[in-house]
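Please arrange chain Z on chain D, whose structure you already have, making use of the hints.
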Amino acid sequence: MSAPSEQRQRYRPGSLEILAIGLVLLIVGQRWLVGLFDDPALQTGATIFVSIVVQALPFLVLGVVLSGAIAAFVPASFWKKALPKNPALAVPVAGAAGAVLPGCECASVPVANGLMARGVAPAAALAFLLSAPAINPIVLASTFVAFPGEPMMVVARFIASLATAVIMGWLWLRFGKAKWLRIGPRDHLVGTSSWHTFRLTATHDFLHAGGFLVIGGLFAAALNVLVPQQWLSAVADQPILSVLVLAGLAVLLSICSEADAFVAASLTEFSLTAKLAFLVVGPMVDLKLISLQAGTFSSTFATRFAPATFVLAVIFSLLVGWWLLT
Amino acid sequence: MRRDVQAIVLILVGGAVLRITIGDTFLNYVQEGMRPWLLLSGGILVVLGVLALIDVMRKGRAAADEETPHDEPHEHDDGHGHGSGGPRAAWLLLLPVLAIFLVAPPALGAYAAARDVANSAPPQEAKAPPLPPGDPAPVTVAEYVGRAVWDDGLTLDGRTVEMTGFVTPDPAGGWWISRMAVACCAADAIASKVKVLNAPDLPADTWVTITGRWVPGGGTKTDTAIPLIEVDTLEEVPQPRNPYE
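First to last, the sequence lines map onto chains D and Z. Mind the numbering: the first sequence is residues 1 to 326 in this note's numbering, read in order. Mind the numbering: the second sequence is residues 1 to 245 in this note's numbering, read in order.
If we strip away everything but chain D, and leave its shape as in the complex, we get (with noise of 0.2 Å):
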C-alpha cells in the first residue's frame, strides 16, 4: 500500500486530468471530427460497432450484477451445499444448471469467475461458463424460431453444446492446472456492507468485461465491412470444409449466443451441420470470449481453454450434425 499523505505532495497528471484534456478537445474539435467519419465504409463499420455493444451492454450490465449479487449476498456455503462435493459429479450439474439460468456469454465470464471466488471448483465453473451462454431457454426459443422447420435444430444445438460443456469440464479436472486460472478480486473487493461490496464488484466487472466487448466489437465491425462475402458463398459447397469455415466464422463475429440462430438462419448456402457448428462453437468460443478469457482468468489460460473447446465443439456439432440433422 502507498502513503496517500506521500502522493498528495508531488503533483502528476492523473487519469481525471488526461480524461479532462481529451474530454474539452474532442468537445472544440467536434466539427472537424465529424467530418473525418463521412466515408460510407467507416460509417458502416461503426454502425456495426456501436450496435453490437449497445446489444451487448444491457447483458453485459445483467450479468455483472448477478455475479455481484452472488458475491455480495450469497454466502459462500451455498455453493458447496447446491453442488455434488465430487467434482466430477459437480461439472454434469453445473453443465446442466446452465440450461435453466439465461446469461449472455459476455456475463458468463464474470459469473463463472465469481463461483470460483465462491469456492466452487473450477472445472465445474467451467462447464457452467460453457453452457450457460449455449443452451440457456432464451437461446433455445430464439433457434427454434429461426428455424421453424427444422425443430432437430433445437436438439441438436442442446444435445451438442452441453456435452462439449461437460467433456470441457471434465478435462479440466483431468489436465487443467490451477496456476493457469487467475481467478479475480472477488474476494479482495470487501466493502464497508454487503451493499458496498456488490456495488464495487459490479463496478468492476463491467469496466473490465465491457473494455473486452470493445475490443471484440472492432474486430466484427472492421471483419463484416472488409471480408468480401463472395468469399463465403465459395466455400458453402465444401462439406468439411464448410463446417470449418462457419466455425471460425463465429468465433470471428463474435456475435451474442440470443441473436446468432437467426445469423445461421441466414447463411442460407450453407448445410445443417455447418449451421450447427456455428452455434455450438460462437457462445463458447469467440474473439470477445477469448479476451474476455484473457483478462479474467489470464492470457494462458485462454490459449489452451479457447482452442480444446473450440476443437471440441466442432466434433461435437460434426457427430450429433450426423446422427439428427441428415
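Bear in mind the hints are in silico, worked out from the structure with no lab data behind them. Treat the hints with caution; some may be incorrect.
What the hints assert, rightly or not - Where chain Z lies over chain D, by a calculated footprint (3+ residues, C-beta under 8 Å):
hint : stretch
1    : 36-43
2    : 86-93
3    : 114-123
4    : 207-213
5    : 238-249
Unchecked claim - Output of the computed footprint for chain D on chain Z, the stretches with three or more beta carbons under 8 Å from beta carbons of chain D:
hint : stretch
6    : 13-27
7    : 30-39
8    : 96-102
9    : 105-118
10   : 185-192
In this text, a Cβ means the ideal position worked out from N, Cα and C, and glycines have one as well.
Chain Z only, in chain D's frame:
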C-alpha cells in the same frame, strides 16, 4: 484508472445509452424490444457511477488516488491490467461513447445493401398466402423479394403494391429499392433489393415510397436473384422511425 475516473466512465457509458434510447436513435442499432433493457442498464450504470463519485467525494482526494484494495505485488505482472488501480481495458469503453456522441453512426444504408450479395432469405412457407387486400397492397421489400423470387411472382401478378425503402445504386445502371432486415441488431442485418423500372435516378440513401406492379424477370429460386418492379408512383419520404424491417 483512478476511482473518480472509473465513476466518470460509468456515467458517460450509461449516459450515452440513455441518450440514444430516449428518442429513437437506438432503432438504428437494435430492435424496439431492447428499449426497456437499455433504459434499465443505462440507468444502473449512471447510478453506480454517481454512487462511486459520492464515495470519492466523501473520502476526499486521498481515497481517489488510492489503488484498488487488492493491489498486491503479484498482481502487477498478471496481464490483468490492474497495475495502476482499476482495469486498464476500461479506457476502451470511451470508444462507443465517442462513436455515439461524435460520429452518431446512421442506420445501415446503400453501402451495406450493395455489399450484401445474397438478396433476402427464402420464405418459410413453400406457397405464400395471397397479398393482403387493398389497392395498393402494402408489402415489405423482403416480402416482395420472397414472393417474386421463390414463388414465381404468383401472388404478386396483377396486383399493385406499395413499399418503402432507400435507394441503392445498381452498378449496372438505375437503382434498387432496398431495405435492411434485422434479426437482433444491425450487425446481422440482411439486405433485400428490388430493381425499379421506369423511375428517375436518385442519389444513394434517398428514402422513397413507391407503388408499382410486378413484372417477370431478374431470376427465380436463387438467393442472388433481384426481382423487378414497374413503378407507377414515386414519392421521396423521410427515413422511417424504424429504418429496418
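Output the indices of the hints that this structure fails to meet, ascending.
Violated hints: 2, 3, 5; rest satisfied.
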